[in-house]
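Sequence lines, in order, name chains U and L.
Take the position in the first sequence, starting the count at 1, then add 4; the result is the number in the working numbering.
Take the position in the second sequence, starting the count at 1, then add 23; the result is the number in the working numbering.
Calculated from the structure, these hints are not laboratory results.
Derived EDC-like pairs: lysine to aspartate or glutamate, alpha-carbon spacing no greater than 20 Å straight-line:
no.: 1; chain 1: U; residue 1: K96; chain 2: U; residue 2: D22
no.: 2; chain 1: U; residue 1: K67; chain 2: L; residue 2: E85
no.: 3; chain 1: L; residue 1: K88; chain 2: U; residue 2: E60
no.: 4; chain 1: L; residue 1: K47; chain 2: L; residue 2: D102
no.: 5; chain 1: L; residue 1: K88; chain 2: U; residue 2: E74
Computed list of chain U residues with no C-beta within reach of chain L, every gap over 12 Å:
no.: 6; residue: T11
no.: 7; residue: K55
no.: 8; residue: S99
Just a few of them, taken from the derived set where beta-carbon distance is under 7 Å, the chain L residues facing chain U:
no.: 9; residue: M36
no.: 10; residue: A43
no.: 11; residue: L44
no.: 12; residue: M87
no.: 13; residue: V90
no.: 14; residue: P95
Just so it is clear, CB atoms sit at the ideal spot from N, CA and C, and this is done for glycine as well.
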Amino acid sequence: MEEENWTLAAQESELKDDRKAISLNGQNILLIRKDDEIFAVENRCIHMNCKFTRGELNGYNLKCPCHDWEFDIRSGEMTVASELKLAVYPAKIDSGTIYIEMGD
Amino acid sequence: MDTEKRKAQYREMFGRVADALGYKFSPDEEIVDFILEQEVTLEKKHGNPFCPCQGLKGNREEDMKIVCPCIPFNREHFDAMKRCWCGLFVHKDVEDPDELEQLAYSEFNS
Numbered sequence: 005m006e007e008e009n010w011t012l013a014a015q016e017s018e019l020k021d022d023r024k025a026i027s028l029n030g031q032n033i034l035l036i037r038k039d040d041e042i043f044a045v046e047n048r049c050i051h052m053n054c055k056f057t058r059g060e061l062n063g064y065n066l067k068c069p070c071h072d073w074e075f076d077i078r079s080g081e082m083t084v085a086s087e088l089k090l091a092v093y094p095a096k097i098d099s100g101t102i103y104i105e106m107g108d
Numbered sequence: 024m025d026t027e028k029r030k031a032q033y034r035e036m037f038g039r040v041a042d043a044l045g046y047k048f049s050p051d052e053e054i055v056d057f058i059l060e061q062e063v064t065l066e067k068k069h070g071n072p073f074c075p076c077q078g079l080k081g082n083r084e085e086d087m088k089i090v091c092p093c094i095p096f097n098r099e100h101f102d103a104m105k106r107c108w109c110g111l112f113v114h115k116d117v118e119d120p121d122e123l124e125q126l127a128y129s130e131f132n133s
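Extracted from the complex, chain U is given alone in its bound form:
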């Protein structure tokens, strides 16, 4: 059985417009709350390194504000080319605190 390794990422109250950009273990990560779920994605577009912080969210698709490349925040996959992936991290909210699993 795999051991979970949750890391405190932020307080839910710190989200503004359901988002917060954080830096954790040297990774730039964007926390996105959608409905009652929290998602954690790499905050750097694979294309030209733009940050997604101000990117438009359409359903589960996050659009890069620079060149409109869109990625599914559940899988990290680019909508038109699944080989291009952002890192995504398991995330959860527990009593108002957001945790993400960074892996090893």
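Fit chain L to the known structure of chain U by using the hints.
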């Protein structure tokens, strides 16, 4: 914007995308350098490194699909040619890009 520095950045960023899609920079270094230089010029003028071999349509939705590398938005067409429209990128197994033919989209789609 320093042209040579920006070209080096394109090589790193675009190479990463192309590699994941099964492409590499053309072995014709002269072509690669020329096209990247054109893209720096376009970025200086328009704010984005558009494909220098395709015309801007004037609307964002369409124009963003020709920001280099535009492979994700033209996959079937480029895979059929084993190169992107400009020839900046070719399939990884291509050794001689001169053997590849440019196929108009209308011809590919017919």
